[in-house]
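Asker: Here is what each chain is made of, one letter per residue.
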Amino acid sequence: MTQTFEIRPAGKQSILDLRELWQFRHLYRTLVWRTLRVRYQQTVIGVAWALLQPALLVFVFTIIFGRLAAIPSNGQPYPIFVLSGLLIWLFVAQAFGQASISMVANAHLITRIYFPRIILILTVITAALADFLCAFVLLILMMLWYGIMPSAGAFAFLPMLALAIATVFGLSLWASALNVPYRDVGLLLPFLVQLWMFLSPVIYPSTLLPEKYQFLYALNPIVVVIDTSRWAFAAGPPPALWMVGVSCVMALLFCVTGFWYFRRQEATFADVV
Amino acid sequence: MPEVAVSVSGLGKWYIVNENRFRGTLSEKLGRMVTAPFRARTPSAAGAHAMPNAIWALRDVSFDLETGKVMGVIGRNGSGKSTMLRILARITTPTEGRALLHGRVGALLEVGTGFHPDLSGRENILLSGTMIGMTPAEVKKHEDEIIAFSEVEDFIDTPVKHYSSGMFMRLGFAVAAHLDTEIMLVDEVLAVGDEAFQRKCKKKIRETALAGRTVLFTSHDMDSIKAICHSCILLDHGKVVAQGGVAETVAEYQRVCAA
Numbered sequence: 001m002t003q004t005f006e007i008r009p010a011g012k013q014s015i016l017d018l019r020e021l022w023q024f025r026h027l028y029r030t031l032v033w034r035t036l037r038v039r040y041q042q043t044v045i046g047v048a049w050a051l052l053q054p055a056l057l058v059f060v061f062t063i064i065f066g067r068l069a070a071i072p073s074n075g076q077p078y079p080i081f082v083l084s085g086l087l088i089w090l091f092v093a094q095a096f097g098q099a100s101i102s103m104v105a106n107a108h109l110i111t112r113i114y115f116p117r118i119i120l121i122l123t124v125i126t127a128a129l130a131d132f133l134c135a136f137v138l139l140i141l142m143m144l145w146y147g148i149m150p151s152a153g154a155f156a157f158l159p160m161l162a163l164a165i166a167t168v169f170g171l172s173l174w175a176s177a178l179n180v181p182y183r184d185v186g187l188l189l190p191f192l193v194q195l196w197m198f199l200s201p202v203i204y205p206s207t208l209l210p211e212k213y214q215f216l217y218a219l220n221p222i223v224v225v226i227d228t229s230r231w232a233f234a235a236g237p238p239p240a241l242w243m244v245g246v247s248c249v250m251a252l253l254f255c256v257t258g259f260w261y262f263r264r265q266e267a268t269f270a271d272v273v
Numbered sequence: 001m002p003e004v005a006v007s008v009s010g011l012g013k014w015y016i017v018n019e020n021r022f023r024g025t026l027s028e029k030l031g032r033m034v035t036a037p038f039r040a041r042t043p044s045a046a047g048a049h050a051m052p053n054a055i056w057a058l059r060d061v062s063f064d065l066e067t068g069k070v071m072g073v074i075g076r077n078g079s080g081k082s083t084m085l086r087i088l089a090r091i092t093t094p095t096e097g098r099a100l101l102h103g104r105v106g107a108l109l110e111v112g113t114g115f116h117p118d119l120s121g122r123e124n125i126l127l128s129g130t131m132i133g134m135t136p137a138e139v140k141k142h143e144d145e146i147i148a149f150s151e152v153e154d155f156i157d158t159p160v161k162h163y164s165s166g167m168f169m170r171l172g173f174a175v176a177a178h179l180d181t182e183i184m185l186v187d188e189v190l191a192v193g194d195e196a197f198q199r200k201c202k203k204k205i206r207e208t209a210l211a212g213r214t215v216l217f218t219s220h221d222m223d224s225i226k227a228i229c230h231s232c233i234l235l236d237h238g239k240v241v242a243q244g245g246v247a248e249t250v251a252e253y254q255r256v257c258a259a
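Residue numbers (this note's numbering), protein chains in the order written: chain A, 1 to 273; chain B, 1 to 259.
FYI, nobody ran anything at the bench for these hints, they're computed from the structure. Backbone N, C-alpha and C fix where the C-beta goes; we use that ideal spot for every residue, glycine too. A hint or two may mislead.
[As the list claims (entries may be wrong)] Short, incomplete list of chain A residues facing chain B, as computed with Cβ under 8 Å:
(1) Thr4
(2) Phe5
(3) Arg8
(4) Ala10
(5) Val32
(6) Gln42
(7) Thr43
(8) Ala107
(9) Thr111
(10) Asp271
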């Protein structure tokens, strides 16, 4: 059976063409492999970096925020408190940071071959998830060390991880498409990501925030994800259900509008990038 | 009954040149940025006349290509050959017109697409092969042939950043040449390396073209064109100047070049 396709001026496209994505699954797999392979190529300790990076951060944060600033940590040792949140945050920062520049960074591919450009974002997020799994091993080791058992919150962890992925995905669609004609985005984002970290309960517990700001807090879906992680693997109250609801709506909003914008701009990438 | 594999009608594309996106105040710029997704992104053919700095890279190109035939695309530099192949390869979208392609399309427009300097030659074969449209299984199947063709056997497990430019291009060509699709878009500029290897490339391209595939073939070498094409199309400044038989079109090309 031969396939037929039609080439027409860029116009209305379906928001998501799953059949086409499936056709390009090999490319996706190869790109994920390339990303991971290149990242740890020519390093002495290789993949161990995925473990060492969070470990070093935990060490530094424990000294500065746990000891010197004496930030409360829900009654658990600060290292495990901070790692249970940092783990999520490192995934978000790495995936979003790299996905937002992925169109420009892969300009040599975009101008030479056709493929659904969304694959570049999927690739970055998948590779970041691989690093996340390594960091998760570190968390398990630390739980064994401190003798902490996971709570019932562990069951909520996977759905919450999906919420974090959806958030990153939606925002990456926006940022990567905007970064093609406006490189300002790539320069502005590292600052915004830094700010985002302080607006999320990474180094401090979310209970530190006054009650009246809780609604604003819920607009950032990463808050409930981190709170769930703490509840499951360290210590802390579960996130309020209404906050989870608001966060889900936000993530959905990012994804739907992101898809819409990205698909509109996609056809121009090869000419503009 | 001959079947049409590629059908192109009224294909055209314009580019805006010298567009200064850094003109205007920051607020104007932000305003445009915010409204951009709401404006029509598709430049209309009528809109081109309103744009003083729009140029047509390609205009009013129409042809039908039967299954199994080879069509030469000739023209001087900047005549729109590459734009046409890039549109048919779906890298960029046309401004007007349409094209129908029946079958898997492979494009050999560039040497070493997707090569990564830090990866070895062998790894890059997989990478580049998958990127231009082979499945990993197909790449594996042809791996030995590709390595043999490229003549870089001894360095195949060395990162390609240590390759000489000749080795790099030979490996790139070898991967591209083993792509096997029903419709092929081939740019003979692809023939690379020293004279001996270029001959080998051209021979490989001709074999590909003569293996019963539908091929759109662009070259500046009229001997190649005459040797393998069944028909020809001549572009100049984005427009079709002549199309039809190979001999007449090539003669017309030589007149255009002499002028």
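Asker: The structure should be examined with respect to each hint, and the outcome stated for every one.
Answerer: Hint check:
1. Thr4: Hint on Thr4 of chain A: holds, closest Cβ of chain B at ~5 Å, below 8 Å.
2. Phe5: 6 Å, holds
3. Arg8: 5 Å, holds
4. Ala10: Holds: closest Cβ of chain B sits about 4 Å from Ala10 of chain A, inside 8 Å.
5. Val32: 11 Å, violated
6. Gln42: 7 Å, holds
7. Thr43: 11 Å, violated
8. Ala107: 12 Å, violated
9. Thr111: Holds: closest Cβ of chain B sits about 7 Å from Thr111 of chain A, inside 8 Å.
10. Asp271: Check passed: Cβ of Asp271 of chain A comes within 6 Å of chain B, closer than 8 Å.
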